[in-house]
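Novice: Residue numbers (the working numbering), protein chains in the order written: chain W, 1 to 83; chain A, 1 to 83; chain Y, 1 to 148; chain U, 1 to 148.
Since the hints were derived computationally from the structure, they do not count as laboratory data. For every residue, glycine included, the Cβ atom is placed at its ideal position computed from N, Cα and C. Hints should not be assumed to be uniformly reliable.
[Said to hold, decoys possible] To spell it out: a stretch of chain Y is covered by chain U in this simulated footprint if at least three of its residues, at any positions, have a beta carbon under 8 Å from a beta carbon of chain U; those stretches are: (1) 26-32; (2) 48-60; (3) 103-117.
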Amino acid sequence: MKILYFAWLRERLNRGEEHVSPPAEVATVSDLIDWLAARDEAFAHAVSKRSLIRAAVDARLVPHDAPIAGAGVVALFPPMTGG
Amino acid sequence: MKILYFAWLRERLNRGEEHVSPPAEVATVSDLIDWLAARDEAFAHAVSKRSLIRAAVDARLVPHDAPIAGAGVVALFPPMTGG
Amino acid sequence: MPVRVTTEPFDPGAETNAFLAAGQGAGAAVTFTGVVRSSPDDPVTSLTLECYPELAINQLEAILADATARFELLAATVIHRYGTLAPGEPIVQVMTLSPHRAAAFRGAEFLMDYLKTDAPFWKQESGPNGTVWVAPRDEDDTAKARWS
Amino acid sequence: MPVRVTTEPFDPGAETNAFLAAGQGAGAAVTFTGVVRSSPDDPVTSLTLECYPELAINQLEAILADATARFELLAATVIHRYGTLAPGEPIVQVMTLSPHRAAAFRGAEFLMDYLKTDAPFWKQESGPNGTVWVAPRDEDDTAKARWS
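Pulled out of the complex, with its shape left as it was, chain W reads as follows (with noise of 0.2 Å):
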């Protein structure tokens, strides 16, 4: 499973991307980002506070209860600032 990250959190993990193989128990986003950052201190303190934390499966935007089951690609990043 390949994970991206953008703007700050990129920034604050010093990577864009990265490829992980979580346990099948890790079954939806909010599982995954708990079992990335129990992995990395880093990435614990970046994602602290969770509201500012969203996230897409496979470019489909989701909650954090979304299942990951066969994702190929989950992308975390902070609120948008587009337009």
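Assemble the complex: chain W is given as a structure, and chains A, Y and U must be docked to it using the hints.
Specialist: Chains A, Y and U only, in chain W's frame:
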């Protein structure tokens, strides 16, 4: 004093402008319309619904009770449909 | 020239670009373009606009000054054609510039609502059944009334 | 192409003209153009937009479909740039076409309100004091909320 007519008022009167010399007691736009109507049956008929007549004095939109003393040009026309 | 009343065709995109070029540093620009409408249900072969140019310029300048003050616009322009136009041809264009998009949108709508009822143009539509003066629409009075 | 997400500059007026040319017979077109803002009080030397293009295209297509249905638009287009832009350069343009001006205005505002909060772009402003990520504005959430 020059009088201008526009749109269907111009068409119904069969003229776009005319020069008139109303007497001094013709003090307002409303007086002028009455005075013109008294002279000309076609005019009286065309302006019979007064709420459909708009007026400008010297290229300024005015209400019917506006004075016309000293005016060079009075314009009479139907509701505007621009844009 | 923020008010232009003309029988000459104008190029909507070129006008927008000139307007934007003059407003470097502002964030939000809105352009409204009204074109001669024609549809299979209601075919129009041409639209003729009659105009009283001196009054049109006075009225449009007053409407622009009002909009500019009310919405704190950085710039605003109105272009209005008259004469005989073919379907698809631009009749009117208003452009507004503001630091914020809400003001730019409000300003452009205000200008259109006012000029529909307060600018001395009269439309005459020609189609397969003849030529008729376009009647004023109650909606246009309603649209204008919401600003007061 | 009703959605375009690109690092290439675009020409606002040329886009408006192409949009109008495709919509002959409709009465009302609105173009909103957002440009990189800079002012003496708040000088910006450049604006960099980060983007997740695949998601941006999906989101913008969904927003366009929603606007088109909701306001019965005849056509609608969104162009959004990313990369590094100078003050005065166009960032975003939305265009709407409708038989009626109110729908064209409403549609363009709806598109702007939604894309401000729902399209995956992130702005970073550079000025004399350094480079900062632009914070989301509460007003943008408020603006979006009024449509629901």
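Novice: Against chain U, does the region 48-60 of chain Y show at least 3 residues with beta-carbon separation below 8 Å?
Specialist: violated (count 0)
Novice: Take the region 103-117 of chain Y, compare each residue's beta carbon with every beta carbon of chain U, and decide whether three or more fall closer than 8 Å.
Specialist: holds (count 5)
Novice: Counting residues of the region 26-32 of chain Y whose CB is closer than 8 Å to a CB in chain U, do you get three or more?
Specialist: holds (count 7)
Violated hint: 2 only; the structure is consistent with all others.
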